[in-house]
Structures are given as structure tokens and as C-alpha cells.
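*Asks:* Protein chains in written order, with our numbering: chain A, 2 to 380; chain B, 2 to 393.
Since the hints were made in silico from the structure, they are not lab data.
Given the structure is predicted, the values throughout are model-derived calculations rather than measurements.
Positions of the beta carbon are idealized from the N, C-alpha and C atoms, including for glycine.
There could be a bad hint or two in this list.
Partial pick of chain B residues on the chain A-facing surface, computed with a CB cut under 8 angstroms [as the list claims (entries may be wrong)]:
{"hint": "1", "residue": "Q279"}
{"hint": "2", "residue": "R286"}
{"hint": "3", "residue": "R305"}
{"hint": "4", "residue": "P391"}
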Amino acid sequence: MALVLNEDEIMLRDSASGFFKDKAPVKALRALRDTADATGFDRGLWSEMADMGFAGIVIDEDHGGVDMGFMAAGLVAEQMGRNLSASPFFSTAILAATALRENGTDEQKSNWLPKIAGGDAIIALAIDEGAKHNPAAISTRAEKSGNGFKLSGAKAMVVDGHVADALIVAARTSGDKGDEDGISLFIVDPKSKGVSTERTIMVDSRNAARIDLDDVEVSGDALLGELDGGMNGLRKVLSAGRAVLAAELLGAGGQAFEDTVTYIKERKQFGSIIGEFQALQHRASHLYSELELARSAVIGALSALDDGDEKADIYCAMAKAKLGAVAKLASQEGVQMHGGVGMTDEYDIGLFMKRIRVLQELLGDANFHMNSFAKSNQF
Amino acid sequence: MSDLKAFAAQTRAWLEDNCPPEMREPVKTDKDACWGGRHWTFQSQAQKIWLERMAAKGWTVPTWPKEYGGAGLSRAQEVVLLKEMKRINARIPLSSFGIWMLGPALLKFGNAAQKAEHLPKIARGEIRWCQGYSEPNAGSDLASLATKAEDKGDHYLVNGQKVWTSYADQADWIFCLVRTDNSGRKHDGISFVLFDMESEGVEARPIKLISGRSPFCETFFDDVKVPKENLVGEAGKGWSIAKYLLTHEREMIGASGHDTARPMHEVAAAFIGLENGQLSDPMLRAKIAEAEIDEWAFNLTMRRKLAEAKAGASLGADSSMLKYYGTELNKRRYELMMDASGHEGLEWESERSEDGKLARTWLRTKANSIEGGTSEIQLNIISKHILQLPGT
């Protein structure tokens, strides 16, 4: 396992860093929020990201991608985290692309993957239904209906669901809520009869949707992957999503930390720079240490995915657990060390806290992943 | 890459032929570790053979130059060697402060005669060293040390007291910080000297600790004559050697244990059992899961930092981060193991508990975050040198 970036990776990181700093800095997110932008991200930016190869970063070259792997995807996500850059990278370029690549028929792949890589289609993954991530707890049903299926149920926290050109919906074709078996994946046109979408603007000013499915008819070839085998089909999708979220958390947590260190080097009280006080120094140094461990965890998970390591899924869960906890600590310490101005909208630190809160929740928080880590180690 | 692969294959074959079966058994007691030195009694013929074979190969100090008893391996080759040793559970052939602390400092600061005299004996395990740093009034504030070395022409006359001198009662030689000048800044008058513990005027008294063991001593110097040629570097410049050596010590303390230790959940399951496949105490289970994830991330960080540092280069202030986090994590591990073991872990003298092995180890770990610079000192170093926060 390579724990140190190679030259190509350093080049990619640096170009992504320059790109997002320039094209999608924190003030771009503020503008989207303050103008109540209906899309919630800049389509022009997404198109440029496609030109950079970011939209097709895990798509093979035959389908128009650059196939650079998950380590590369994580390096891009980290820079997005640093700048709070809004884009459908996570929903479309990571989750949907991996779901299609892992499970799709030749036709499904050639239908969708080139469009994703070209920035021409946004695809949202609809799994969760309750307040917390729990991919087995699916009660949305897909009943056989003629040659196809009829879907009914309610999905929540569908990232970019309000602007999606297609949805990948996890629905139960057998078994009961809580069963790992009996889940199937379907590609659903959100304009189909019976689909109703409510955009839910989240605490981080980013996009998600609640999607109700009321007897939505899909054809038999909408099935993505094996009937009843959806959980297995989702395995790599969820792992990739978790590792890339962990990378974005590393970026957001790291930037929140750097902003905070900069602030405590400037702010004066009692006639001193507050960064002179050990009460702050020791907490900042602890946080530095945690972020170093966090970086190792992210690299470990991403490279395990790329290496096809048999323990990759566990490493992704471990990384998501660690990053959820560390980035939260970074944002909490950040607001506290900023003091009063940390509570104002004017300073960025609060925006980082909000984004980190969302990222750590998506696809399972630290508690969820500590539990699955323990289970997979038989304790 | 193919060179490394060939090296790995040769290494594997050599270890297979040369590592005695007894040296592939898990370490059970303190005495299973071989410390060498004039007074060392080998636990077994296997322990002796293993040391001799590894020393002949240069693999007790694989990255040291061949002329000083090493094998001149690159950092990458060393990683391969350690991995191959771990694969067959081979014990390290020699535990030694000479290897971990003094050696790297002598390689950097020692003169040709000092290197030629001391390094090969360290590599072969012939001389056991101890470290004379802390004093009763110079702990975290090490630069306040007062042990005096007066210039008497061809020798120094050393008077004073050291404390927390690890295994001073069993060591053959000491590397010691002494004050040769009292006139200027406290950091400036310190010198780094080496002397034989059998010199007249040296006395080491073991200190009994809360673990019931005595790995540390108080060490007294009463008119000890130290020949001038035993000064390392320049007089008054010992502080930079001391700091260099401390970074190596920190890496070692930070790294101790984590990679090879048995997973906490296995130890806990042996004490409290599983219910429906999960540890029977759900709160403890959550804490263990969290700590095991941290151990994984920490081990990766150790490997990453070593890979990032160029071969032979020091990690600089990041060694403080590793020392801080590693020692706090090790304390957490033993708190959790004591929680898991319940009443059984409290037994202090029974055969069942191997003489209170767990409890004594738990107590020993409390020193991890004190020795080699306290956690608070490490956080100060990170603040100053990495975050570049202003000083008070």
C-alpha cells in the first residue's frame, strides 16, 4: 500500500487545488445560497470539472472516463472540502458511476457512463428512508408488474435528487425491512408518473431531496444488477462513497483547522496574541495530531479500494468513522477558538461546521461505522 | 522494485534457516527480551545463537554502515526485513538503548575513534548502555540540569545525581548530560559525555515503582573521572545532541507495542465473553472499536511518516506528534483492558495472573506519557515548531 503520494498524484492534487480555489471558493457557495439558486450548484462549473476529467475520474476510458481510480477521486474531493465547492461530484461521479460500472449491463453502461463523464447527466442514488443511514432498512417495494416493476415508497436524503436526470433507487423485491437480502436497484426516470420530488435545502446550503414513489412503473431493463442482490451490488458503491466522503471531510476539517490556527495567531486579548496561551496551543496541537491520523486513514482506505484489498470495505468504514469524529472536533474547536466571530455568518468557520455536520452523517456516522467495524471483526 | 523483491526472497530464506524455533514464540516475560551487555545471562542457547547470527549479518542494526557492525541497508530494505521477521514472528534479537538512542547520535555527532570504539560493541550486544538525562530538579525542564563536570586537564570530574536512569543497575556504560559551564544561557553550558558505569564513584540505586518493578534507578556520581576523549561533539554543545537523541527516543516510545499487540477485542472477549456475537458489554465494545480504529490510523501514520522522511532523516517535530499520540493511545489500551478484565485483572501475585502481568503493565504504561518528555511538552513542541504559534 502506497502511503505517500506519487508524482502524478501530487500533480493532480495541485491542479485540483488551484482549480477549486479559483473557480469554486467558499464565496461561490455563499453566492449560491444568497441568490437562492434553484440548482444549488453552478452547471458551468460542473461542465468545467468534466473537461478536467473529474466527472469521469472512476469511469473507464471506453466509456469516456479517465479511470484514475479512487485515490485520485479522493484527492479531488479533499480540495472540494477545503473550498466547500458545490457540485454533483459525489452523487454522480462517485456513487452513480460506481453503481453503474459495478452492476450495469453493457447497454446501461453505454447509456449513462459517457454522459456522466461528459458532465451531461446528473444521477442521484436513493437509498435511505429513515433519519439515519441504514441500507438494510429499506421498505420501499418493487412489485412485479407485467414485464417490469412497480415501485412505491419514500426516500430521504437523496443528494442532488431535485436536479437528477435519473435516479438509482434501492427497493425491496423480497424479504422485510432490515433484511440484507431481497433488495434490488432500479434506474428510474424522475419524470415518470408517480414520482414526486421535494428539494430539501440542508444546513450546509447544499442539495438533497425527499422523493416519494407512488406506483411508479419501470420496465424490466430498469433493473440494475441482480434481482434481490442489491445489497451486494451496493457494497463497493457505499465503500467508495464513504472513502470519498472521508477525503472531503479531511479537506473541510483541515481547512477549518488552518483557518483557526491563522486566527489565533492574529487575535489579541489581555495584550497578547491568544495563540500564546497553552490552553489553546495544546488543543490545537492535539487536533493537528488527530488530523495526521485522519489523513493516514483516508489514504489507507482509498488505496485499499484501488488495490482491490479484501479488507477494503472495512477500511472504508474505519476511515469514515475516524474522519467523522476528527472533522467534527476540528469544526467545534474552530468555532470555539474563534470566539464571538465564530458565531457570525461573516466568518467561514461556521460554514465548515455545517458542511462537516452533513458529510459526517452521509452514508453513516462514526457510531454506525464503529458498529460495523466491530461486527466485521466478530465482536 | 525487482531488487527489493530479490532481497525479500533472500531474507525470507535466510530467516527460515537461521531463526531458531524458540525465537519465534511470543515474548512472555521481560526476560525473553535480550539486552546483552557484560553481565547478561542468556535465557537459552537459542537466544544466544539468534543474537550472534543476526549480529554477524549486521541485522541487529540493519541501516548502520557495515564498518560499524550494520548491514548498510536502505530504509526500504529495512522495512522488508522487519516484515519478513514479523511474518515468522521472529523476536527482535537485541533490545538496546545503544541501538535506539545512542547509536544514531554517535553516527551523527561522534568522532571516528568514538564510532569505531562504541558502535560495533552496541551492534553485537557486548556493551549495554543507559541514559543519564533527568535529574531531581530537571525533568520536563531538562536544560536546568546541574550535574557538574569540572575541567581537570585530561579529564572531567563529574559530581551530581541523575534520576529515572533506565536499567542503570544493569548497564555497562552511560551516555550522560553534564554541565560544563554555568555562566551563560542554561542550554549552552551542557555537554554530552560517555563513561563506564564501573568507574569509581558511580552508584545506581533501583527505584521501586507503582508496578512493583524497578526498571529505573537513581544514579549518583561522586568525583567520577571521565577522560576527555569521551566528550561527544564540542564542550557546551551537548544540548543539540540531546535533542537529536530525544527525537529518536520519542519515535521508539510512540511506536512501542501497537503493531504487534493482540487486538483489544480478543483480549476483552476472553474475559467477558460474547452475547449474540457481540462483546457482552456494549459500552465497552464501542470504546474498544473506537480505540482499535485509532490504533489502525496511528500505525498507518507511523508508516507514512517514515516513508515520507528520506532514508536516515529524522522526522523532526513530527516525532513529538507520534510520541504524544502513541503513548496516550497505549494508556487508553490498558485502561480498556483493565476494564475488560474486571476482578481478574486486579490479581497481583497469583500464578493464574502471571504475577499480575496485566495490572503491572497497565501501571507501567502510565510512564509512557511522562518519560522522554511528557505529553504536555510534546504538545508544546508541536505548537512551536509545527503550528508556529507564538511563545509566551
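*Asks:* The structure should be examined with respect to each hint, and the outcome stated for every one.
*Replies:* The hints, checked one at a time:
Checking Q279/B against chain A by beta carbon gives a least distance of about 6 angstroms; that is within 8 angstroms, so the hint holds. The closest approach between the C-beta of R286/B and any C-beta of chain A is roughly 6 angstroms, which is under the 8 angstroms cut-off, so the hint is satisfied. The closest approach between the C-beta of R305/B and any C-beta of chain A is roughly 4 angstroms, which is under the 8 angstroms cut-off, so the hint is satisfied. Because the beta carbon of P391/B sits about 5 angstroms from the nearest beta carbon in chain A, less than 8 angstroms, this interface hint is met.
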